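Starting from the given sequences, assemble the full structure and let the hints guide the process.
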Amino acid sequence: MIQRKVLEIWVGVFVAAGLFALGTLAFRVGNLATAEVANGYRIEAQFENIGGLKVRSPVTLAGVRIGRVAAIGFDPATYQAVVSMNIDGRYNVIPVDTSASIYTSGLLGEQYVGLEPGGSEEYLKDQGKIQLTQSALVLEKLVGRLFTSFIEKPAADKPASDKK
Amino acid sequence: MRAFQYLGGAALDGVERLGRATLFLYEVVSGSWMLVRRFYLVIEQVYAVGVLTLVIILVSGGFVGLVLGLQGYNTLAKFGAADSLGLLVALSLVRELGPVVTALLFAGRAGSALTAEIGLMKATDQLAGMEMMAVNPVTRVIAPRFFAGIVSMPLLAALFSVVGVLSGHMIGVGLLGVDVGAFWSQMQNGVDFYDDILNGVIKSVVFGVVVTGIAVFEGYDAVPTSEGVSRATNRTVVYSSLAVLGLDFIMTALMF
Amino acid sequence: MTSSVSQAVFNDSTNLVEIRDVHFARGTRPILSDMTLTIPRGKVTVIMGGSGCGKTTVLNLIGGRLRPDRGQVMVDGLSVPDLNIKALYALRKRMGMLFQTGALLTDLSAFENVAFPLREHTRLPEALLRHVVLMKLETVGLRGARDLMPAELSGGMARRVALARAIVMEPMMIMYDEPFTGLDPISKGVIAKLIRELNDALGITSIVVSHDVADTLAISDYAYLLGGGRILAQGTPQALQQSTAADVRQFMQGLPDGPVPYTYPARAYIEDLFDGGSP
Chain U
1138 MIQRKVLEIW VGVFVAAGLF ALGTLAFRVG NLATAEVANG YRIEAQFENI
1188 GGLKVRSPVT LAGVRIGRVA AIGFDPATYQ AVVSMNIDGR YNVIPVDTSA
1238 SIYTSGLLGE QYVGLEPGGS EEYLKDQGKI QLTQSALVLE KLVGRLFTSF
1288 IEKPAADKPA SDKK
Chain F
40 MRAFQYLGGA ALDGVERLGR ATLFLYEVVS GSWMLVRRFY LVIEQVYAVG
90 VLTLVIILVS GGFVGLVLGL QGYNTLAKFG AADSLGLLVA LSLVRELGPV
140 VTALLFAGRA GSALTAEIGL MKATDQLAGM EMMAVNPVTR VIAPRFFAGI
190 VSMPLLAALF SVVGVLSGHM IGVGLLGVDV GAFWSQMQNG VDFYDDILNG
240 VIKSVVFGVV VTGIAVFEGY DAVPTSEGVS RATNRTVVYS SLAVLGLDFI
290 MTALMF
Chain S
22 MTSSVSQAVF NDSTNLVEIR DVHFARGTRP ILSDMTLTIP RGKVTVIMGG
72 SGCGKTTVLN LIGGRLRPDR GQVMVDGLSV PDLNIKALYA LRKRMGMLFQ
122 TGALLTDLSA FENVAFPLRE HTRLPEALLR HVVLMKLETV GLRGARDLMP
172 AELSGGMARR VALARAIVME PMMIMYDEPF TGLDPISKGV IAKLIRELND
222 ALGITSIVVS HDVADTLAIS DYAYLLGGGR ILAQGTPQAL QQSTAADVRQ
272 FMQGLPDGPV PYTYPARAYI EDLFDGGSP
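Protein chains in written order, with my numbering: chain U, 1138 to 1301; chain F, 40 to 295; chain S, 22 to 300.
None of these hints come from the bench; they were simulated from the model.
Among these hints, one or two may not hold up.
Keeping only pairs whose Cα atoms sit at most 30 Å apart, straight-line, the calculated DSSO-like set for lysine-lysine is [claimed, not checked]: (1) U:Lys-1262 - U:Lys-1191; (2) F:Lys-117 - U:Lys-1142; (3) U:Lys-1142 - U:Lys-1262; (4) S:Lys-114 - S:Lys-209; (5) U:Lys-1262 - F:Lys-117; (6) S:Lys-114 - S:Lys-64.
These numbers were taken from a predicted model, which means no experiment stands behind them.
What follows is the structure, given as C-alpha cells:
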C-alpha cells in the first residue's frame, strides 16, 4: 500500500495542477482578465443599427480597449438600439462630444464599438450619453447600394456597350 | 411474437435497472454527509481516480493538441487565416475535446477500475462483511469514490485542455511559423470565459457525475462472480462512453 | 407486542436466537419452509446440510440481510425484520460474522482490518486502539503478521485475522459461515480450537454453518441438520451420529446414494440412447 504521506502529496499536487490549469484557461486562454473592468462607469449611446454587436463586445478608443458593452436594449420612442458600455475607471477623460461607431475587426471578425474623441473640455461622467453615433455597416445594405449604383450609372452617364 | 416479447422484456429490464440506479445514487448522495467528517476517504480516492489517470490524460492531451495544430493549420492556411490557429485549437479543446475526450479516457481508465474494484469487493463478501460490521458500504465505499470522480473530472479536463493548447502552440508557432502574438491574441479575443470555458467546465462536471455514477452502480450491481464483474466492467465502459457522447450533444445544443 | 416482551424474558434465560415458522423463497423457489430453530446462549450450535440447502440463508436472516416472507426471527429479544436501519446496525455491532473467504478488506493491512470496526464505531485514542487490536491478533496467534496485506496471508491466516476482526467489538455472538472450507488439516484444527476457546473463554454464543461433519461435530454442543429447506434432524452430536434415519445417515457418513439420489432426474437411459440422436 502506498504511504499516506506520499498519497497526500500526490493528491495535493494533482489538485493544485488542476486548479492552475483552470486558472490558465480562464486568464491566459480565455478573456476573463480583459473582461474585468476596474471600477468602471457607464456611458450610453443610441444607434440606428448595431449589426452583430453583442454584450461584452469590446469598446476601443484609438484602437485601445477601454471597456466592454454591458447591455443592449431598445428604445421604443426612437426605434433605436441603446448600447450601454462599461468603461474602465482609468479612462475618465473622454470628451462629451465623442462619437461612437460600430466597426468590424477584419473582414469577418467580431464587431466592436470604436470611440473617436471630440475636442470638448467637458468629460463624460457616469450615465453620460454619446450623441454622435454611426451605425454598423450591414453587408447586405452595402451590396444593395453597390448594385443600384452599378445599374443606375450606366443608364444615366454612358451607353451600356462601353462596359467591358 | 418472440421479437415483441424480447423487446418488451429488454425494455422492462432497462427501466428496472434505471430505477435501481436512481435509488442507488440517491442513497449515495443522501449518505454522503459523513464524508464531511472523514474527508480523508475522498482524498484517498482522488488519488486512485484522479492521480492515476493523470498520465494518460496529459499524454493524450498533448497528442490531441499536436494533431489539432497540424490539421487546423493546413485548413486555415488555405483561407489565409493561419493566425487564427490559436483560437481554433483553444476553442475545440475547451468546448468539446477537453471534456469529451477526458471523459472517455476517464471511463476507460478510472471507471472500469472502479467497477472492477467494487465488483470484486462484492464478490469476495467485503461489502457484505461491512454490512455485518454495521458499516454501510454505500457511504463508506461508494460515496467517497463517487465524489472523488466528480472532483477529479473537471481538473483532468482542464489539464487536458491546457496541455493541448500548449502543444498546439508548440506545433503552430514552433514548427509551422504562426506568429506568437497572433496565436495568443486571437485566442484571447475569441475564447469567452462564460460562453466557452465555464460551459466546458460544466460539461466536465456533468460527465464526472455520469461516468462515476455508472461505474459505481455497475460495480455495486454486478453479479458477484468473476464473469459478472468482467461483464459489469465492460458495461461501464460502453454505457458511460455512450452517455458522454449523447449528453455532449444535448448540452452543446443547449449551451452554444 | 406483549408476546414479544414475554418472549424477551424467556429468551434472556436460554435462547439467544429464535427462528419461528420462517418461510423464505427466492422468486418462486422456496429456500426455507416453516423452519423453527433456536440457538442457545453461550453454546456452540452447528447448522449442517448439503450445498444450497439454506444454511447461509439462516445466517443472513439472523443478521438482518434478508427478510423472511413469513415467521419470526428474534435475536436477543428483538424481532430482526421489524428493526429500522439504526436499530439493526446497533444489533449488528453486537454480532460478529466470519465469512467463508474471510472478507478482509484488500486495501488494508491485517492490523488495519482488525482496527476497522473500532475506527468506524468508536473514537478510541490511537494508543488504546493499538492495544486492543494487538490483543485480538494475539488471541488468534497472528500478532506478528500485523503488517501483512490480505494478499500475503494464507487462507487459514486470513480467516484467523477475520476472526480477530469479528471479536474486536466484543460481540455477544459470532456466526461462522463455512469456516473450514478449503483449509488444510492444520488450519482446520486451529480454527476449530479457536471457535471452541472463544466460546468458552468469552462466553460468546457461536453459530457454525458447515457441511464438514467431522470437524464441526467435534466442537459443537448442539447440531441441526437441514435438507430441502427443512430440519431433518437435531440433537447433540452423539445423538445425530447414532441416528438411524436414512437421510441423516447418508449425510453423516457421506454415502453417495440414498434419499438424496446419485442420479439427476432423467427419463429412462435406454430411451435416451435410442432416440435417434435428437437432443
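Hints and how they fare:
1. Restraint check for Lys-1262 of chain U and Lys-1191 of chain U: the C-alpha separation of about 23 Å stays at or below 30 Å, so the hint holds.
2. Between Lys-117 of chain F and Lys-1142 of chain U the CA atoms are separated by roughly 54 Å; this puts the pair beyond 30 Å, and the hint is violated.
3. Taking the CA atoms of Lys-1142 of chain U and Lys-1262 of chain U, the gap is about 58 Å. The hint is violated against a cut of 30 Å.
4. Distance check on the hinted pair: Lys-114 of chain S and Lys-209 of chain S sit about 27 Å apart at the alpha-carbon level, within 30 Å; holds.
5. Our distance criterion of 30 Å between C-alpha atoms is broken by Lys-1262 of chain U and Lys-117 of chain F, whose separation comes to about 47 Å.
6. Pair hint Lys-114 of chain S plus Lys-64 of chain S holds up; C-alpha atoms about 20 Å apart against a cutoff of 30 Å.
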